[in-house]
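Undergrad: As given, the protein sequences belong to chains G, P, D and V, one line each in that order. For the first sequence, position 62 matches number 62 in the working numbering, and the numbering has no gaps at all. For the second sequence, position 5 matches number 5 in the working numbering, and the numbering has no gaps at all. For the third sequence, position 34 matches number 34 in the working numbering, and the numbering has no gaps at all. For the fourth sequence, position 195 matches number 195 in the working numbering, and the numbering has no gaps at all.
The hints are simulated quantities; they were obtained by calculation from the structure and are not laboratory data. Incorrect hints may appear among the rest.
[Unchecked claim] Just the calculated beta-carbon pair ranges, DEER-fashion:
id: 1; chain 1: P; residue 1: Arg149; chain 2: D; residue 2: Ala122; range: 42 to 50 Å
id: 2; chain 1: V; residue 1: Val165; chain 2: D; residue 2: Gln54; range: 31 to 39 Å
id: 3; chain 1: V; residue 1: Pro57; chain 2: P; residue 2: Lys36; range: 41 to 49 Å
id: 4; chain 1: V; residue 1: Glu42; chain 2: P; residue 2: Leu52; range: 18 to 26 Å
id: 5; chain 1: P; residue 1: Arg149; chain 2: V; residue 2: Arg140; range: 34 to 42 Å
Note that the structure is a prediction, hence the values are computed from the model and not measured. Don't be surprised by glycine CBs; every beta carbon is placed ideally from N, CA and C.
The residues making up each chain are set out below.
Number of protein chains: 4
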Amino acid sequence: MPTRYHRFAGSSLDRLAALSDGVFAVAMTLLVLDLKVPSAAESEHDLLHALLHQVAPRLLPYAMSFLTLGIFWVGQQTQLESFTRSTRALTWIHLSFLLAVTVMPFSTALLAEHTTFRLSMAVYWLNLFGLGLVLFVSLRYADRARLIREETTEDMRAALKRRIVVYQVLYALAALTCVVNTYLALGLLVALQLNSVIAPQVGILDRA
Amino acid sequence: MPTRYHRFAGSSLDRLAALSDGVFAVAMTLLVLDLKVPSAAESEHDLLHALLHQVAPRLLPYAMSFLTLGIFWVGQQTQLESFTRSTRALTWIHLSFLLAVTVMPFSTALLAEHTTFRLSMAVYWLNLFGLGLVLFVSLRYADRARLIREETTEDMRAALKRRIVVYQVLYALAALTCVVNTYLALGLLVALQLNSVIAPQVGILDRA
Amino acid sequence: MPTRYHRFAGSSLDRLAALSDGVFAVAMTLLVLDLKVPSAAESEHDLLHALLHQVAPRLLPYAMSFLTLGIFWVGQQTQLESFTRSTRALTWIHLSFLLAVTVMPFSTALLAEHTTFRLSMAVYWLNLFGLGLVLFVSLRYADRARLIREETTEDMRAALKRRIVVYQVLYALAALTCVVNTYLALGLLVALQLNSVIAPQVGILDRA
Amino acid sequence: MPTRYHRFAGSSLDRLAALSDGVFAVAMTLLVLDLKVPSAAESEHDLLHALLHQVAPRLLPYAMSFLTLGIFWVGQQTQLESFTRSTRALTWIHLSFLLAVTVMPFSTALLAEHTTFRLSMAVYWLNLFGLGLVLFVSLRYADRARLIREETTEDMRAALKRRIVVYQVLYALAALTCVVNTYLALGLLVALQLNSVIAPQVGILDRA
Numbered sequence: 001m002p003t004r005y006h007r008f009a010g011s012s013l014d015r016l017a018a019l020s021d022g023v024f025a026v027a028m029t030l031l032v033l034d035l036k037v038p039s040a041a042e043s044e045h046d047l048l049h050a051l052l053h054q055v056a057p058r059l060l061p062y063a064m065s066f067l068t069l070g071i072f073w074v075g076q077q078t079q080l081e082s083f084t085r086s087t088r089a090l091t092w093i094h095l096s097f098l099l100a101v102t103v104m105p106f107s108t109a110l111l112a113e114h115t116t117f118r119l120s121m122a123v124y125w126l127n128l129f130g131l132g133l134v135l136f137v138s139l140r141y142a143d144r145a146r147l148i149r150e151e152t153t154e155d156m157r158a159a160l161k162r163r164i165v166v167y168q169v170l171y172a173l174a175a176l177t178c179v180v181n182t183y184l185a186l187g188l189l190v191a192l193q194l195n196s197v198i199a200p201q202v203g204i205l206d207r208a
Numbered sequence: 001m002p003t004r005y006h007r008f009a010g011s012s013l014d015r016l017a018a019l020s021d022g023v024f025a026v027a028m029t030l031l032v033l034d035l036k037v038p039s040a041a042e043s044e045h046d047l048l049h050a051l052l053h054q055v056a057p058r059l060l061p062y063a064m065s066f067l068t069l070g071i072f073w074v075g076q077q078t079q080l081e082s083f084t085r086s087t088r089a090l091t092w093i094h095l096s097f098l099l100a101v102t103v104m105p106f107s108t109a110l111l112a113e114h115t116t117f118r119l120s121m122a123v124y125w126l127n128l129f130g131l132g133l134v135l136f137v138s139l140r141y142a143d144r145a146r147l148i149r150e151e152t153t154e155d156m157r158a159a160l161k162r163r164i165v166v167y168q169v170l171y172a173l174a175a176l177t178c179v180v181n182t183y184l185a186l187g188l189l190v191a192l193q194l195n196s197v198i199a200p201q202v203g204i205l206d207r208a
Numbered sequence: 001m002p003t004r005y006h007r008f009a010g011s012s013l014d015r016l017a018a019l020s021d022g023v024f025a026v027a028m029t030l031l032v033l034d035l036k037v038p039s040a041a042e043s044e045h046d047l048l049h050a051l052l053h054q055v056a057p058r059l060l061p062y063a064m065s066f067l068t069l070g071i072f073w074v075g076q077q078t079q080l081e082s083f084t085r086s087t088r089a090l091t092w093i094h095l096s097f098l099l100a101v102t103v104m105p106f107s108t109a110l111l112a113e114h115t116t117f118r119l120s121m122a123v124y125w126l127n128l129f130g131l132g133l134v135l136f137v138s139l140r141y142a143d144r145a146r147l148i149r150e151e152t153t154e155d156m157r158a159a160l161k162r163r164i165v166v167y168q169v170l171y172a173l174a175a176l177t178c179v180v181n182t183y184l185a186l187g188l189l190v191a192l193q194l195n196s197v198i199a200p201q202v203g204i205l206d207r208a
Numbered sequence: 001m002p003t004r005y006h007r008f009a010g011s012s013l014d015r016l017a018a019l020s021d022g023v024f025a026v027a028m029t030l031l032v033l034d035l036k037v038p039s040a041a042e043s044e045h046d047l048l049h050a051l052l053h054q055v056a057p058r059l060l061p062y063a064m065s066f067l068t069l070g071i072f073w074v075g076q077q078t079q080l081e082s083f084t085r086s087t088r089a090l091t092w093i094h095l096s097f098l099l100a101v102t103v104m105p106f107s108t109a110l111l112a113e114h115t116t117f118r119l120s121m122a123v124y125w126l127n128l129f130g131l132g133l134v135l136f137v138s139l140r141y142a143d144r145a146r147l148i149r150e151e152t153t154e155d156m157r158a159a160l161k162r163r164i165v166v167y168q169v170l171y172a173l174a175a176l177t178c179v180v181n182t183y184l185a186l187g188l189l190v191a192l193q194l195n196s197v198i199a200p201q202v203g204i205l206d207r208a
């Protein structure tokens, strides 16, 4: 019986990390392409007006997405660092993750263009959910396939999983408030992302 | 007689891998630029309508191309991992491969814009064929120039080559069904790519 | 008490460097997208006219931004090389730095499109200030958190900080001359960046 | 006297290589953005017509620029591999090289849009000349600053320099034929690039 391709394909963690860094770098920089320079302005006052009304409203979704990409980049990096090696299945789990990363500039532009519509928030949340789901699947798979370093204790594995679940529940709750008002949902999401980055030592989030 | 440039130029596998990761990362992220955010929408219903009619039909070609790029990225990585070093000729074979990768966003956009035309499918298939052909040439060249690691047994080399040939034959057959209907061809190609990723253990494909 | 995620997340300097190289590479190449090829030209003379009047005026802001990105890339690289490891906080400081890098193509396009307006210069300067500020914060944090290699003496640390402060003061003074004339401010900034690159051995800048 | 920044800044060859790979990857992939998908086509015949008349003429400049970027990527890689370390000056020489790389998509688009104008060819040649000039300066500087590995013999250094000079003379002669006809110049340049890649063992070019 001939040797099968899948036995030895896709086992380099280094190249997976390199591809991921590339995709994140391009996605982060493409976000800003959505910020268009106002073309016609006859006076300083005109330009200020255009910057405040055309550019400024897009800054919030843009900054939130940059934060989001940063958070998930750190999350993925932390996982990859804890793996001993890759397998073909793990590679494809992370390629799905990168697919969700490449969609982020689209979801962000949709939210920036149609902030008042709940549908935009739903699409954005779906994107966020996809990112978290794939990272959770990756962790679970790696755990069962015994790809995680021994230094990563049971406690640390649990911490990684718990963090994903807690944040996904909070994302869903925040996004749901768009039933009341989409700006409220947007504000709550930004607050969650800032909390994730700054990581205060108090409250329920401390345990996440 | 003076030393010739070609004796020592282009022998770094690491930089070839880094350039490849960069080109794949940019090509994968550029695919999504083809997904335009609907600009005018007066109600949630309008936006939903625009997303379903303008964005959704493009998702299938887009997802298929992401799958395709992922498959060929894994394929190229597997090859590069099995080489001991590069030569100038091997470098140029892989630069041709990257040329075919950069054309993928164009072929995808053509297929997404003109899905009902057989010509779009022909161009897309040609792109797919180019990717496979160059990887096959790379493998054959590396085999003859004795650039493949000893750990990669005859069986594994045969498996790598067989996989390319089997899939290329199947791609060609799938693309040919566009004579009947281009959506049938598109569906078959997506099925093939999904099969390549999920790799079930049955049927003729098991041996590939 | 469960192990907290923040204890072990985000500690790879290599991936931080790789992401940074990716973001800088994309931002540097995106700058040139602002240089549009003149579309209609009926004679060589028409084309020359279009190149001189539409493309040439954009070359100065474009070249200045490339210089700026180069300077800050060298600056960040020098810092990262002097660190022993990363922490989650340091990672986020550098992600903020990369956020300022991704905004550079926007600030440059704004300055190229509206060179005569002081507001454009103010936005550009703010971008420049952000880059310097974050690098300064990074150095201060790393110093206190004892992340700097022992080979990096007190003198070298002071040299790194002094350089940032001296140049930021000069940037601010140069940008302020836009009250008189924006082209004067632009010229002074270019002169400062060229000085930073060429690094002559004379005057007050020698000590920076 | 305080320690000066320039003594220790910018000495990592690895990050210089990583940034270069990123810039080349983005520039190579951006070239293809110039290939626009024909938007309106009512029949297969219409689409074929549009592909042949709008897309096909752009393929030649596009492919030539991909070849050119590949050639200079191999050239730069060969140099960097032969250096023992970098200095701040060498880093800036290579940043100038990358500046010339980022301009390539613009020069290519100009040549594709206005192929019949000698001015486009002049701009393209200037870009090509800039790439060669900076690589030559890099080699000369590294030689004098004793940054080249001992394994790289005098013969090899001479071969590297000779190759740049011979090709630059041939590029200039080819570009000059645009006085007769720009398509002739374009054809000769493509022939030269193909020769550089395929590297036949005959004639004067054998010694380059």
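Undergrad: So, for every hint listed, does it hold in this structure?
TA: Here is how each hint holds up against the structure:
With their beta carbons about 58 Å apart, Arg149/P and Ala122/D fall outside the hinted range of 42 to 50 Å. Range check, Val165/V to Gln54/D: Cβ separation about 35 Å, and the 31 to 39 Å hint holds. Separation of Pro57/V from Lys36/P is about 26 Å and departs from the stated range, judged on CB atoms against 41 to 49 Å. Checked against the hint of 18 to 26 Å, the C-beta distance between Glu42/V and Leu52/P comes to roughly 24 Å, which is consistent with it.
Look at Arg149/P against Arg140/V: about 38 Å separates their beta carbons, and that is inside 34 to 42 Å.
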